[in-house]
Amino acid sequence: SGPLKDMDFSVQEGGGPRILHQFTLEPPAVSFRISGEKAGVIDIEPKTGILYINGSLDWETKQVHRLQVESLDGSGKLVKGPYAVTIRVEDINDNPPEFNQTRYFGVVRQNSRPGKPFMYVHATDRDDPTTPHAQLSYSILHHFPNPYAEMLFQIDSATGAISPSRTGSYYLDPQKQDTFTLVVSVKDMAGMTTNAFTSSVDVIIKVRESLWKAPPTIHIKENSTEAHPVNISKVQSNEPDAIYAIFEKEKLPRLPFSISENGDIYVTEPLDREEKDTYTFFVVSKDNKGELVDKPLQIHVIVEDINDNPPVCQKDLTIIEVQENEIGGSNIGTVLATDMDEEDTLNSRLLFEIQSQEPEFPVKNLFYIQKDTGNLHLTGRSLSKRDSAKYFLKVLVSDPAFQTVCDVEVHVIDINDQIPIFEKSDYDSVTLAENIPIGTVILEIQATDGDEPATGSSLIIYQVKEGDPNNTFIIETDSETNRGFVKINKALDFETMPMYNLVINATNPEPLVPGVQYNSSSLTMFKVFVTNVDEPPVFLEPIYSTQVSENIPVNTLIMTVEAYDPEGDSVRVSKIFLKNVQGKYALYIFLQKSYLLVEDGCVVGWWPATCLQQTAGQCFSEQISLCAKSKAFLILHLRDVNDNPPQLAMDNPAFFCYPVSGGERTLIQATDADEHLFHPKFTFSLADEMNTRNNWEISEFNATHAYLSPKHANFEEKEYNVPIILKDSGDPPLDNKVNLKVSICKCSSENSCF
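Position in the sequence shown (from 1) plus 40 gives the number in my numbering.
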């Protein structure tokens, strides 16, 4: 309650009668009066001043009621006012959403882009749009049929846009199911409460075949004379505003195809099948943002052949050789030609025909040619070089539209009817030392052949037919003169073969004609006498190798080697001993009347006994050149033994800064001259003497290092001897007691003693 004044009220719609306010009378006023938009339910009690609503207000009918209130005296005259009273009606959620259609129908294309709307549903709500009462949310309640785990369609909850889901974009197929019914629900309160109003509607969707499909393979005849560009096909996207483009699969200098804004595909210039017979490229469709709206389509183009290429002779001149004794009907060769038109078509089918033959002697038609293969044959008789050494043919090669003439020469080849004949039947003998070098020419021989020169019928091949079981000799032929050179092929050996009785034959690489055979005229004799050369002994092995421990005792047997003398002299089994020669160790191999010495990496060699009296400390290569007759090599590997005790390895003396406060430590290192195999780890310990263990302590850091630390702070400024026991891990292990000098000294700013 209160005095009369301007007032605003907010009243929720509905709800029935209620009191809003009570105005108090101020003398001389005795009553109140109200006017304005009372809507038949708003009034004031004149005497008490109670402002009330006698019914329900409706936001959907009127959202604001404007009234005037005034006070009157007893005579009905105005005392105060009028004052404005405004009643604002607040909306409540009292209206369900309503679709603007009782049923919806839509069409979707197969393979449509997921999320791309193809239709909309729309609903309205009469409640206040500024409140959640009229905020609508769409969803799909049911999906008939629903053959997959996921729905084929989806709806935008805010806009009502219906589009294929990813599953739908992949699986929608009018051949399998062409009609779907969706039950679409709409809720107010943004669908966020169970008390929201709900409405639903059926949406009937027809599935149509996709417009976006690759055309069948496109066939284009080559070298077209039409005006270009020429329309060859068309594509169409499921989305009407799609933008089309072409990109190539192959990296070509240029792609002779284009596409228009409405999807028409053009070839932009005449094509040449012989240059390229197929093309493959892709057509894409994009939206105005450059995003793909469909999967790329692969376009195949086949360039069809026309007969635009003449036959081409494979050679400017085809030469065919024919032996005199070839029988009639023999296939003597093939005339080869090609055609660049498409294979296995009539355009590239070639036919062969002999146009002319020169000379036409002894008869006109000595040859015929198989018309489809180009195989050239003799007719009914053999050729004779006495009639003509060459024949010149013109062969006509034709396809259905073109002709070409190929030149052919037929060379008549002399047959091998003459055998090689030696100029001497016996080349006497030769005497050779057994150490003659390999490759030495020991004899020149000569035979002649009456067949045509520089052919396989007249070329002579010499071979040792008898008397050389080990191929000790080889014969090379000068192809221009047919002269033969007998050479040493393997080392001679007087002890195994002191004499050779050689029988040499001469033959041709071409076979002799039937009825002709090689005879004694193609054979010659030759003797070789081998003289002896004194040879040094020979080891059974060129290199000997063994290993011993480094502490092997002197005069220990190391190994046994064997040798033999090529002349058959006896050689005793040799033994190697370790000897001390003038303070140096050397290896000797003892043989009958000789020694083998190895020292300081020098080559092992044979020496007579007088060689031992030379200085052993020199490299023996000079002695080898003076007195060695044969040599072998010995590789002696020394195995390390654990014979070196560990030592301290300290670059600088150890020290601690005075006064000692405790906690300091210094790193010490152990080392060992033995091979690393024997000292993978050292053990550090303090000797039990001179109170060492009371003053110091030692702790291992790693396999080769340890820390030494003072155990207390009561050290004087002087030098201390710290006895340390080092032990390696060899087999057997070696230990060593060493004294480490440790200084306790005043330190400079660089932390060093001064």
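If you are wondering where the hints come from, they were derived from the structure by calculation, not from laboratory data. Please note that a few of the clues may not be correct.
Straight line, CA to CA, 25 Å or less: simulated DSS-like cross-link-like pairs of lysine-lysine [as the list claims (entries may be wrong)]:
1) LYS253 to LYS355
2) LYS246 to LYS261
3) LYS329 to LYS156
4) LYS253 to LYS216
5) LYS261 to LYS274
6) LYS156 to LYS216
Hints and how they fare:
1. LYS253 to LYS355: With a Cα-Cα distance of about 50 Å, the restraint between LYS253 and LYS355 is violated, given a limit of 25 Å.
2. LYS246 to LYS261: With Cα atoms ~41 Å apart, LYS246 and LYS261 exceed 25 Å; violated.
3. LYS329 to LYS156: Holds. LYS329 to LYS156 sits at ~14 Å (cutoff 25 Å).
4. LYS253 to LYS216: 18 Å, holds
5. LYS261 to LYS274: Within the cut-off at roughly 18 Å; holds.
6. LYS156 to LYS216: 22 Å, holds
Checked against the numbered hints above, the structure violates hints 1 and 2; every other hint is satisfied.
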